[in-house]
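Student: These are the residues of each chain, in order.
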Amino acid sequence: MFATARRARSPGVLAYPFPGAAGVLARVEAAFDRCFGAHANPWRHLGALGFHLFWIVVVSGVYLYVVFDTSVAGAWQSVQALSTEQPWAGGLMRSLHRYASAAFAAVILLHVGCEFVRGRYAGARWFTWISGVPLVWLALGSGVVGYWLVWDQLALFSAVATMEWLDAAGVFGVSLARNFLTPESVDDRLFSLFVFLHIGLPLLLLLGMWVHIKRLSRPETVPARALGAGTLAALLVLSLFAPVTSAGPADAMRAEPALALDWFYLAPHALMYETSPGALWAVATVLTLALAACPLLGRAHRPAVARVDPANCNGCRRCFEDCPHGAITMHPHPDARIGAELAVVDPALCTACGICAGACPSSTPFRSVRELVTGIDMPQQRIGALRETLQSELARLSGPARIVVLGCSNSVEVEALRSPDTAALTFMCAGQMPPSFVEFALRNGAHGVVVATCPEDGCAYRLGGRWTQQRLDGLREPYLRARVPREQMRVVACAPHEAADLRRAVEALRTRRSHASAAEEVVHG
Amino acid sequence: MASRPVALLMQAVLYVAFAAVIGIFSTAPVYRHLAEDQALLKLSFSQPGQLRSECRRRSAEELQRMAPNMRQEMDCPRERSPLTVELSLDGAMLARETVAPAGIARDGPSTYYARFPVPAGEHRLTVRIDDSERVQGFNHVRDETVRLDPGRILVVDFDPARGGILYR
Chain C
1 MFATARRARS PGVLAYPFPG AAGVLARVEA AFDRCFGAHA NPWRHLGALG FHLFWIVVVS
61 GVYLYVVFDT SVAGAWQSVQ ALSTEQPWAG GLMRSLHRYA SAAFAAVILL HVGCEFVRGR
121 YAGARWFTWI SGVPLVWLAL GSGVVGYWLV WDQLALFSAV ATMEWLDAAG VFGVSLARNF
181 LTPESVDDRL FSLFVFLHIG LPLLLLLGMW VHIKRLSRPE TVPARALGAG TLAALLVLSL
241 FAPVTSAGPA DAMRAEPALA LDWFYLAPHA LMYETSPGAL WAVATVLTLA LAACPLLGRA
301 HRPAVARVDP ANCNGCRRCF EDCPHGAITM HPHPDARIGA ELAVVDPALC TACGICAGAC
361 PSSTPFRSVR ELVTGIDMPQ QRIGALRETL QSELARLSGP ARIVVLGCSN SVEVEALRSP
421 DTAALTFMCA GQMPPSFVEF ALRNGAHGVV VATCPEDGCA YRLGGRWTQQ RLDGLREPYL
481 RARVPREQMR VVACAPHEAA DLRRAVEALR TRRSHASAAE EVVHG
Chain W
1 MASRPVALLM QAVLYVAFAA VIGIFSTAPV YRHLAEDQAL LKLSFSQPGQ LRSECRRRSA
61 EELQRMAPNM RQEMDCPRER SPLTVELSLD GAMLARETVA PAGIARDGPS TYYARFPVPA
121 GEHRLTVRID DSERVQGFNH VRDETVRLDP GRILVVDFDP ARGGILYR
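Residue numbers (my numbering), protein chains in the order written: chain C, 1 to 525; chain W, 1 to 168.
Among these hints, one or two may not hold up.
Between beta-carbon pairs, the in silico distance windows are [unchecked claim]:
#, chain 1, residue 1, chain 2, residue 2, range
1, W, Leu166, C, Leu297, 54 to 60 Å
2, C, Phe18, W, Ile24, 24 to 30 Å
3, C, Val72, W, Arg58, 47 to 53 Å
4, C, Ala267, W, Arg168, 40 to 46 Å
If you are wondering where the hints come from, they were derived from the structure by calculation, not from laboratory data.
C-beta: ideal position from N, C-alpha, C; glycine also.
Please work from the sequences and hints to get the whole structure.
Tutor: Rendered as structure tokens:
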């Protein structure tokens, strides 16, 4: 059972629609982490990989367009010439264009599936999800029309199948399929329309992709160099070993009974001929509506959003910088001090991760106020309440090696480690933890602190793990102070099923403490 | 993370697997939409039927009731007859449809498109079309033996100006 399913009521835990599938995905990602490293793990960067493949398709497509003859009589010959007359340039580009397109479709399907399994479709994420739905159709349309340009038997089959499907909608008044009835039916003007569609649809797709990532702060559109290069190399090798070829020239009077379909794009044609155009319309409509309705699934789980306390907000902009969804904007402070700013939260954009609270300089537990009120905080899990919990946990600790584990609600369940000598405190996201909590624990009786985050590049709230690591490394404000002994701290980036990694880190700190105590006893005689 | 040589080897294996999946499903499995011994019959037309009713001369009373600028002596309705088509192969009915004319005023063409995979070989093909409500029965008939080779597409079209029922 996926750990987060047991903690579904804890603040910050994302609602997974299928916890079992989420668990399997986490294990697959962890396995790929071991081979690729998190930065180059394709499962963690499917969106960026999609952008990468799109640009490969565009660049190879520009080359193909230069030599393409946009006429009925010349199209097949010009494409065929790429493979026969310049196999090392045009043939390679043609194959790369097609295989990258297929990979693009595959990555889109995986991206949709993974984001659904991760529960990233509801709440503030609805816009990103909904804006992605038409992209699926635009990508499919772009690819299908691309096949028509080759104008071989497969192209004719695809064009006729598409037109028969559109005719079944009964909205055009004429039969579009009649445009391909005889060889004389197709003229160069229709071919110009194909070219227009094959350029226009990808342009619309690119515009849609830009809208799709508009609500994300620091969207990732370029994969790690190793992942990008590896993917390109794999497609190049495939293009060299299995160059793409055309079927025979399109002949409206002769049907090719068996066709080598590209199942990534042309599978709907097969579905239509195995059922009916009406059935394909039904499948397409139901799938589209189901995708569009996903955000409604999460409406009941909308958590409370971050709240700003103007009296404690000094307008430092750290929350503004760190918010992964751009939910915070800076406005003039109502206290009218010249130049002073106040953070303002847009509830529609806030995913309630708490990363802003972890970024706030007023969230330090060393403040000597009785009630710790911070500049920005989460109503369902206040920093002040977390400080009180940590204090009571520290007070109950006993034993020679007292360890504090600061966890993330979407990572390993740290509460299971609680014991007389181990304290556990769970944040909504690791990014909600002010780094000063580590120092606070060490200065108030703990001998070691373990911070558990989501896997690297696998934060449930996108950037929490990265910001936490940078804050603890002194690379991002608020810093963990340099005087805090790093040897008494461990950061463990792990998925919910990787509890063993966390236990090992706790035991390592405990062993270290035992050795240090023994050494002290020797020194003091 | 695994040791670097092992990680690189695993990466290579997984990239090859990725390329293999892309390469295989880009062309396979082959899809057969017609059996080896089948041909394809396409019945399609886009033609207006004949006018549904003849022109008639308006009476003096009718003309008197009309606005002076609208007083046309002849009343010629625009509405077209629907097209009724029957297609049979070796005596077996493949299709019988009545297709209404397009347009709000029902004055546009009747458009039809259908495809029928049929066994290759010699067949008795009979096409009957009725494009006028003012005529009883089918006023266009073509009945003849055709030879369909495997994979052949035979288009049955209708164009009265070019001889009625056309085989292409």
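Student: For which of the previously enumerated hints does the structure constitute a violation, in increasing order of number?
Tutor: 4
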